[in-house]
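Got chain A sorted already, so can you dock chains B and C onto it with the hints?
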Amino acid sequence: MKNKRPEYTSLETVFDSQSNSCATDEATDRIKDMIRNMPQTEPPAGLLRSVMEAVEAKSVPLWVRVYRWARSPRTVTFNFLHLGPAMAALALMVFLAFPVNQKQNTSVAVNGAPGSIPVKFALDMPEAHSVQVVGSFNGWVPQPCLLDRDNGSSRWILTLQLQPGRYEYAFVVDGKHMPHPDAELNQDDGFGNKNSVLALEKEEEV
Amino acid sequence: MISSISKGDVNAYSILVLRYQKAIFNLMSRMTGSYEDATDLTQETFIKAYEQLYRFQKGKKFFPWLYTMGLNHARNFLRHKKLTSYVPLEDCEIDSGLDYPGKQEDEICAKLDYEQLQAALDQLPFDYREAIILRYQEGLSMENVAEALSLKLSAAKMRVHRGLARLREILEKKAK
Amino acid sequence: METKTRCLLWKKKRKFRALFLGLLALVLAAAPPLEVNAQTDRAAVTNALTKSVEEARKAGVPDTTVITLLSLGYENGVEPASMAELVRITGEIRKKGLPLEPFVDKIAEGVAKRVPAASIENLLNQKQQDYQFAQSITVAYLKKHGIRQQPTSGDLSAIAESLYSGMTRQDLTLTMERAPAVPLFSLKRVIDVQASLKQAGFDPKLSDRIISTALERNFFERQRRGFVRAILAAKRKGISDLEITEAALTTMRNGGTVGSFCSLIGVSSSEIGN
Numbered sequence: 006m007k008n009k010r011p012e013y014t015s016l017e018t019v020f021d022s023q024s025n026s027c028a029t030d031e032a033t034d035r036i037k038d039m040i041r042n043m044p045q046t047e048p049p050a051g052l053l054r055s056v057m058e059a060v061e062a063k064s065v066p067l068w069v070r071v072y073r074w075a076r077s078p079r080t081v082t083f084n085f086l087h088l089g090p091a092m093a094a095l096a097l098m099v100f101l102a103f104p105v106n107q108k109q110n111t112s113v114a115v116n117g118a119p120g121s122i123p124v125k126f127a128l129d130m131p132e133a134h135s136v137q138v139v140g141s142f143n144g145w146v147p148q149p150c151l152l153d154r155d156n157g158s159s160r161w162i163l164t165l166q167l168q169p170g171r172y173e174y175a176f177v178v179d180g181k182h183m184p185h186p187d188a189e190l191n192q193d194d195g196f197g198n199k200n201s202v203l204a205l206e207k208e209e210e211v
Numbered sequence: 005m006i007s008s009i010s011k012g013d014v015n016a017y018s019i020l021v022l023r024y025q026k027a028i029f030n031l032m033s034r035m036t037g038s039y040e041d042a043t044d045l046t047q048e049t050f051i052k053a054y055e056q057l058y059r060f061q062k063g064k065k066f067f068p069w070l071y072t073m074g075l076n077h078a079r080n081f082l083r084h085k086k087l088t089s090y091v092p093l094e095d096c097e098i099d100s101g102l103d104y105p106g107k108q109e110d111e112i113c114a115k116l117d118y119e120q121l122q123a124a125l126d127q128l129p130f131d132y133r134e135a136i137i138l139r140y141q142e143g144l145s146m147e148n149v150a151e152a153l154s155l156k157l158s159a160a161k162m163r164v165h166r167g168l169a170r171l172r173e174i175l176e177k178k179a180k
Numbered sequence: 022m023e024t025k026t027r028c029l030l031w032k033k034k035r036k037f038r039a040l041f042l043g044l045l046a047l048v049l050a051a052a053p054p055l056e057v058n059a060q061t062d063r064a065a066v067t068n069a070l071t072k073s074v075e076e077a078r079k080a081g082v083p084d085t086t087v088i089t090l091l092s093l094g095y096e097n098g099v100e101p102a103s104m105a106e107l108v109r110i111t112g113e114i115r116k117k118g119l120p121l122e123p124f125v126d127k128i129a130e131g132v133a134k135r136v137p138a139a140s141i142e143n144l145l146n147q148k149q150q151d152y153q154f155a156q157s158i159t160v161a162y163l164k165k166h167g168i169r170q171q172p173t174s175g176d177l178s179a180i181a182e183s184l185y186s187g188m189t190r191q192d193l194t195l196t197m198e199r200a201p202a203v204p205l206f207s208l209k210r211v212i213d214v215q216a217s218l219k220q221a222g223f224d225p226k227l228s229d230r231i232i233s234t235a236l237e238r239n240f241f242e243r244q245r246r247g248f249v250r251a252i253l254a255a256k257r258k259g260i261s262d263l264e265i266t267e268a269a270l271t272t273m274r275n276g277g278t279v280g281s282f283c284s285l286i287g288v289s290s291s292e293i294g295n
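If you read the protein sequences in the order shown, they are chains A, B and C. Residue numbers 6 to 211, in this note's numbering, belong to the letters of the first sequence in order. Residue numbers 5 to 180, in this note's numbering, belong to the letters of the second sequence in order. Residue numbers 22 to 295, in this note's numbering, belong to the letters of the third sequence in order.
Next up, chain A with everything else stripped away, as it sits in the complex:
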C-alpha cells in the first residue's frame, strides 16, 4: 500500500511549478494547516492511571462536600435525598451553622447574578418537623426552609434568587415529596409524582 503523504506535511505540495510563486495568504494558510496537523508528543502510558489513583485517594471527603454545599448552594453535586431524615437533619444543622444562613429575611443566595429575582417559597405546615425545597433551579438538591412564627402564623419559608425562566419544584415535608398546595399549575414529573410549576418573569411570591 502506498504511503500517502498527508496533504500539508510539506509546503512543497502547494508549490505551483508553473508560476513558481506562492501568495502571502496561501503561505500563511499552509502554516496554519501544518500547525493543525502537527504531531503532538504522546503523554506517558501510565499518566492516566497515576491521575486516577491520586484522584481516588484524594476523593473529596463527605464533610468537605457538605461544607461546600452549605457555602455555595449552587454546587449541586451532593444528594441528600436517598439518605433520608437523618441527612435532612444534618443539612438543617449545617444550614444553621453558617452566618450566611442566619440573615433575618432567611434569604439563601443561590444565584446572585444580575437579573436574578428573589422568590419566596412559603408553606403553611406548622406540624412538620422539616421542610425543604427541591427544584430544577437547584439540581433537585434539597434546600431547607426555616419555620417563621411571626405575625401569629407558622410558615416554612425559603427565599431564593432565581433567574427568570420556567422551573419545576416541590416541597419535601418530613422526607415526603409534595407539590405546592396553592400552586397555579402542577405537572407530572414523569416518575409518578407531581411537581409545581414556577414560570418566573419578574419578582413574585410563590
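Treat the hints as calculated values from the structure; they're not laboratory data. Here the structure is a predicted model, which means the values were calculated and not measured. It is possible that part of the hints are untrue.
To be verified - Sample of chain C residues facing chain B (criterion: CB under 10 Å; computed from the structure):
{"hint": "1", "residue": "Pro83"}
{"hint": "2", "residue": "Glu242"}
{"hint": "3", "residue": "Leu285"}
{"hint": "4", "residue": "Ile286"}
Unchecked claim - Some chain C residues well away from chain B (every beta-carbon gap over 12 Å; in silico):
{"hint": "5", "residue": "Ala105"}
{"hint": "6", "residue": "Asp176"}
{"hint": "7", "residue": "Pro201"}
For every residue, glycine included, the Cβ atom is placed at its ideal position computed from N, Cα and C.
Quick look at chains B and C alone, frame taken from chain A:
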C-alpha cells in the same frame, strides 16, 4: 460509607483525563522543556481540576478552564524553580509586518517541514505560541482562546495575528 | 513507567472539621448504607462511556453539560453503563435541534429521586417526541402568521411542558390554530392559563370562552400576575364557573386589570397573595 462510592464511577473523570491529557502534557512540555516535569505537572493539573470541579461554572467550556488552571500551575512551578523556559512577550520585537516579497514566500513554501515548524514555534514568545497552538492545533474559537489565556478577545486576536507574523518571519530567515 | 507523584498541599479551613466529623458520625450511625453498584466489565464500560461522550460532544452537547451529567452519575452512584446511555441520548436530542436544558434537568431530577435509569431513558424518549410535536406546531403557527421569529428554548419548553400539565396534543393544536398573530411569550401565557383551568376542573366550554377572548384581546401581552390565582380563590369560595367567566370576559373587554377582576368576583388581594 465514604469509601463505598462505586469504583465504576471513577471512569467518569477518566474520560476527561483521556480527552485532554495530550493537550495539557504538550503545554507542560513547551513550558518546561522537561519530560519528567511535564508529566508531573500534567498529573497535578488534573488532580487540581478534579478537586475544583465544583467551582466549574455553568455555561463555560471545560478545556479553556482546564488550560488556564494548567498554565497557572506551570507558571507557579517555573517561578518557584526560577526558570525562564519561555520568552515573555515584552522582550521580543516584531521586525516586520505581513508584507513579504514573493520570492521569500517561495522559499518558505519549498523548505518547510514539521521539524522546522516546531523549531520556529519554540522560538516564538510564549504568549504568541500558546495563542497559535490553542487556535490552530486545539481548534478553539477565538473566544475560548481569550478565556484560556485570560485575555480580552481583541488582545487574543492580536496575539494570534502577530504570532503568525512572527512565525513567518522566523521561517523566512531559516529559509535563507 | 512509574512516575514520581508529588504531594499537593491542601489549604483548607479546619475550624469546622471537629463539628462535622461529630455530626457525620451521627449520620453514619443513622443512615442506611449506600447501594454498591454491580461491577461490570470495566473496559467495556469505559469504552461505552467514552463513545457516548465523544458522540455527544460531536453532536454539539457542551462540555459543561457532559460534565454535569457525569458528575451527577458519580455523586449518585449511577451505573456507568446507564450514564453512558443517558449521555448518548443528550447527543441525540442535540442533533434534533431541541433545547437541552429541560432534558438535562429531567435526568438530574430522576437521578436525585433514585429513579431506575431505564425509566429515565423511557421518559426522555417520550419527551423528545413531545418536544418535536411542540416544535412543529409552533413553527407552523409562526409561518401561518408570517412571524419572522425563531422560537426560543424557553418558548418551546413552555409549550411542550404544558403536555404534562393536562393539556393534550389536540388542545395545543386547537389553541394554536385559532390564535391570532400574537407574540409567543403572550401565547405561552395563554396556554399556561388554559392548563391551569383544566387542572382546576373548570367547565371546559367556559374555559374555552375565556381563552378565546384572551387571545382576541391579547390580554396576556402583559403578565397579569394573580389572574389564575384569583380564579382558583373564587372557585374555593364557591363562586360558580359561569360568574367567574362573565367577570373575566368583562375585564378583558374593558381592558381591566387583575385588581378590577378581583373586585368583580369578590376576591381580596390577600387571598391571591398580592
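- Assertion that Ala105 (chain C) lies farther than 12 Å from chain B (Cβ): violated, 9 Å
- Message: Quick check on Pro83 (chain C) please, does its C-beta sit within 10 Å of some C-beta on chain B?
- Response: Pro83 (chain C) check passes; min Cβ-Cβ to chain B is 7 Å, inside 10 Å.
- Message: Min Cβ distance, Glu242 (chain C) to chain B: is it shorter than 10 Å?
- Response: With a closest approach of 30 Å, the Glu242 (chain C) hint is violated.
- Consistency of the no-contact label for Asp176 (chain C), given chain B and a CB cut of 12 Å: Holds: least Cβ distance 20 Å, greater than 12 Å.
- Task: With 12 Å as the threshold, tell me whether Pro201 (chain C) passes as away from chain B on beta-carbon distances.
- Result: At about 36 Å from chain B, Pro201 (chain C) clears the 12 Å cut-off, so the statement holds.
- Using Cβ atoms only, decide whether Leu285 (chain C) comes closer than 10 Å to chain B, and label the hint accordingly. violated, 45 Å
- Message: Quick check on the hint: Ile286 (chain C) CB to chain B CB, less than 10 Å?
- Response: violated, 43 Å
Hints 2, 3, 4, 5 from the list above are not met by this structure, while the remaining hints are.
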